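K.L.:
Here is how the chains run, residue by residue.
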Amino acid sequence: MKWRKLIIATHRDVGYFFAGLTVIYAISGIAVNHIEDWNPNYVIRTESVRVEELPTGGNAVLAATVLERMGIAEEPESVVRMAPDQLKIFLHQRTLTVALPAGEVQDEHARRRYAFFEVNYLHLNHGKGFWTWFADLYAVGLIVLACTGIFIITGKKGLGGRGRWLLIAGLAIPIVYLVLVVWF
Amino acid sequence: MRRVLTITLALAFLATVPVFAGGDAVEYGDGVTIEQAVAMETLLASPDDYLGKTIRVDGVITGVCKKRGCWMQVTDPDTGNGVRIKVEDGVIVFPYEAMGKKGSAEGVFEAITLTPKQVEARAAQKAAEHDHAEGESCDKTDPKQEGAGCDAPVQQNRIFMIKGTGAVIQS
Chain A
1 MKWRKLIIAT HRDVGYFFAG LTVIYAISGI AVNHIEDWNP NYVIRTESVR
51 VEELPTGGNA VLAATVLERM GIAEEPESVV RMAPDQLKIF LHQRTLTVAL
101 PAGEVQDEHA RRRYAFFEVN YLHLNHGKGF WTWFADLYAV GLIVLACTGI
151 FIITGKKGLG GRGRWLLIAG LAIPIVYLVL VVWF
Chain B
185 MRRVLTITLA LAFLATVPVF AGGDAVEYGD GVTIEQAVAM ETLLASPDDY
235 LGKTIRVDGV ITGVCKKRGC WMQVTDPDTG NGVRIKVEDG VIVFPYEAMG
285 KKGSAEGVFE AITLTPKQVE ARAAQKAAEH DHAEGESCDK TDPKQEGAGC
335 DAPVQQNRIF MIKGTGAVIQ S
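These protein sequence lines map, in sequence, to chains A and B. Here my numbering is used: position 28 in the first sequence is 28, and no number is missing along the way. Converting from the second sequence to my numbering requires adding 184 to each position, the first position being numbered 1.
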């Protein structure tokens, strides 16, 4: 009976400690699972704008002309002549790609996707360092939660009854998938 | 005991947060250790001299993988010559905010040889598509502008890139 109390207490305390992080990881998991369908980290919006035909000139002069015609007061962070017929002007969270000399501008705005950027940052361990170890600890915590959770309920709904079948079913699905997709 | 543990954890945390390379620069991966960068023009004019070697390039970051941050394009702002720095997914993640910033990258200079079919498909794709699914838009590659553009173009059926081990990006 001592074991049972220990199992319940462990499951409870580890569960509370990692409840928030589980929700964080789950949201991120869904987000990055569909990375083919959307950008889970950034919202990127591109518009086409046409300014008047641009004169020949140096990068700085051209950039200043474009910015003036677009009504942008911000100083560019960088201006790069990508090719004789293309200029890129980099602003804060914004990139102007200018076709020369026609003056067609692809105006790209990019910003972090609120909350998703942060949960993905944690889930995918972009920061490395400390978070690598804490994420490992969390993984161990999940193993502890799983291994203690199956023993909490006794009787017909526990491992002696329905619980056993749910456990087997939960394991069978990934195994069958691997058999069908990977091993054969 | 509890105080000692708290202080130890706090110090461990501070010691391992993202490394700031001094001033306003952020370091990624192993950072940059080579003192002297290879000029982009030199690199792309004589790529065979650098194949397989660990080199450093400096420039402006003109492209970043939008979804996974698994590559960035470093371009010489004066010539438009640039090279892609490719890293392993998840090992180094370049932030999209790095666009337009000055940066340095280090890694092994490599060439990928394309089949004639791949060369054709690539040229058609660049002509037809304005935006790549995964990354920054690239201009059409004029065969005369070898080395220009946001992607190192195909030269003699080879694409050149740097397998990056580290970078430093000014903020």
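It is worth saying that the hints were derived from the structure and are not from the lab. Please note that the accuracy of each hint is not assured.
Result set (SDA-like, lysine to any residue): computed pairs, CA atoms no more than 20 Å apart in a straight line [what the hints assert, rightly or not]: (1) B:K285 <-> A:H92; (2) B:K347 <-> B:D214; (3) A:K128 <-> B:D214; (4) A:K128 <-> B:V275; (5) B:K251 <-> A:F184; (6) B:K251 <-> A:H123; (7) B:K251 <-> A:N33; (8) B:K285 <-> A:N33.
Just so it is clear, the structure is predicted and the values come from calculations on it, not from any experiment.
K.L.:
Work down the list of hints and note, for each, if the structure agrees.
P.N.:
Taking the hints in turn, this is what the structure says about them:
Of the pairs offered as hints, the one joining K285 of chain B and H92 of chain A holds, with about 10 Å between alpha carbons and a cut-off of 20 Å not exceeded. Between K347 of chain B and D214 of chain B the CA atoms are separated by roughly 13 Å; this keeps the pair inside 20 Å, and the hint holds. Restraint check for K128 of chain A and D214 of chain B: satisfied, since their Cα atoms lie roughly 12 Å apart, inside the 20 Å limit. With a CA separation close to 9 Å, the supplied pair K128 of chain A and V275 of chain B stays within the 20 Å bound.
Distance check on the hinted pair: K251 of chain B and F184 of chain A sit about 32 Å apart at the alpha-carbon level, beyond 20 Å; violated. Note on K251 of chain B and H123 of chain A: the hinted pairing holds, with a Cα-Cα distance of about 15 Å set against a maximum of 20 Å. Under the criterion of a C-alpha separation no larger than 20 Å, the hint pairing K251 of chain B with N33 of chain A is consistent with the structure, at around 12 Å. This hinted pair does not check out: K285 of chain B and N33 of chain A have alpha carbons roughly 30 Å apart, beyond 20 Å.
In summary, the numbered hints that this structure violates are 5, 8.
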